[in-house]
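Given chain A, work out where chain B should sit, using these hints.
Now for the letters of each chain:
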Amino acid sequence: MITLTHYLTLTGILFSLGIVGVLRRKNLLMLFFSTEILLNAVNIGFAAVSKYYGDLSGQIFSFFIIAIAASEVAVGLGLLVLWYKRSGTIDLDSLQMMKG
Amino acid sequence: MFEAIAFYTFSILVIGMFGIVVFSKNALYAMSALAGGMIFISGFFFLLDADFLGVVQIVVYTGAVMALYAFGMMFFDSTRDVKENIKFKKIIYTLSVLSAIFTIFILMAPIFSTKIEAIYPTLQGVGNVQMIGLILFTKYLVPFEVAAIMLLAAMIAGIILVKVKMEETPTNIEVARGEK
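Same order as they appear, the protein sequences are chains A and B. If you count the first sequence from 1, position 80 lands on 86 in the numbering used here, and the numbers rise without skipping. If you count the second sequence from 1, position 114 lands on 296 in the numbering used here, and the numbers rise without skipping.
Chain A extracted, bound-state conformation (with noise of 0.2 Å):
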């Protein structure tokens, strides 16, 4: 039998895969990527206690963070290709540019 545990800590494991990924890649692609992994983690949890509680408020939390993951996607690719024309590199690092 799967409880809601079950789904939580899946959630948990998929939550802490998607950190690491933002904090260790160096790659401003990959940061996207753990991000989008971040969304879906949340996702999952908000669909899991909908069901189990009966109650359909989760399920349209996912929705709305979906259109949000959408739109982020859309303003930080466009903001990722002007740095990479700018800069010619998508580093992490090369986004400090007053050394700090």
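Keep in mind that the hints were calculated from the coordinates and are not lab data. Treat each hint with caution, since some may be false.
[Said to hold, decoys possible] Which residues of chain A face chain B? A few of them, derived with a C-beta cut under 7 Å, are:
| id | residue |
| --- | --- |
| 1 | T9 |
| 2 | G18 |
| 3 | S22 |
| 4 | L35 |
| 5 | L37 |
| 6 | L44 |
| 7 | A53 |
| 8 | Y59 |
| 9 | G60 |
| 10 | D61 |
| 11 | L62 |
| 12 | S68 |
| 13 | I71 |
| 14 | A76 |
| 15 | V79 |
No residue lacks a Cβ here, since even glycine has one placed at the ideal position from N, Cα and C.
Chain B only, in chain A's frame:
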């Protein structure tokens, strides 16, 4: 029984796919693995009786977002690896796992401790898609419209950001050819 089999199969597949995304050196492999992981995540939504969400996951994520990434990767030299020198690996892993567990715990503790009453309970005999439509276009109509405006703004921003420099590129090529 079948639910358990499906859950564990999809869990292993999704964790494996996302593991490839996080730890792969090649951006192209990472993107393909991410697309596969998105499809497998929709399996969870179908398991959780969220049919509409599963379909939206496939259409929006694998259809639109991954296509956008594939399009964006044409601008970059994806075969060239970004040199990544990472220090303090152990600290990164410990911190990220701990912070993820704490985040989940903080968000989920109220749900576990108190018996939450459903604000919009699912009705008997009404399909998932119909129910989502009923709630989305009554209680959540204003957030829905705001999300639509946000998507429009994001579309305009994406077009303008990529377009500005695109106009200069053909002329540069022509100038370069003329000089030769």
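Do the hints match the structure? See the list:
With a least beta-carbon distance of about 10 Å to chain B, the hint placing T9/A at the interface is violated under the 7 Å criterion. For the restraint placing G18/A at the interface with chain B, the shortest Cβ-Cβ distance is roughly 5 Å, inside the 7 Å limit, so the hint holds. For the restraint placing S22/A at the interface with chain B, the shortest Cβ-Cβ distance is roughly 4 Å, inside the 7 Å limit, so the hint holds. Hint on L35/A holds. Least Cβ distance to chain B is approximately 5 Å, under the 7 Å limit.
For L37/A, the interface hint is violated, the least distance from its beta-carbon to any beta-carbon of chain B being 11 Å, above 7 Å. Because the smallest distance between the Cβ of L44/A and any Cβ of chain B comes to about 9 Å, over 7 Å, the interface hint for this residue is violated. Annotation: A53/A was flagged as interfacial toward chain B, and the flag holds, the nearest CB pair being 5 Å apart, inside 7 Å. This hint holds: Y59/A has a C-beta 6 Å from the nearest C-beta of chain B, less than the 7 Å allowed.
With its C-beta approaching chain B no nearer than about 5 Å, G60/A sits inside the 7 Å limit, and its interface hint holds. Checking D61/A against chain B by beta carbon gives a least distance of about 4 Å; that is within 7 Å, so the hint holds. Taking 7 Å as the C-beta contact cut-off toward chain B, the hint placing L62/A at the interface holds, the least distance being around 5 Å. A hinted interface residue such as S68/A counts as satisfied when its beta carbon comes closer than 7 Å to some beta carbon of chain B; here the least separation is about 6 Å, so the hint holds.
A cut of 7 Å between beta carbons decides the hint on I71/A: the least distance to chain B is about 10 Å, and the hint is violated. For the restraint placing A76/A at the interface with chain B, the shortest Cβ-Cβ distance is roughly 6 Å, inside the 7 Å limit, so the hint holds. Hint status for V79/A: holds, given a least beta-carbon distance of 5 Å to chain B, under 7 Å.
Of the numbered hints stated above, those contradicted by the structure are hints 1, 5, 6 and 13, listed in ascending order.
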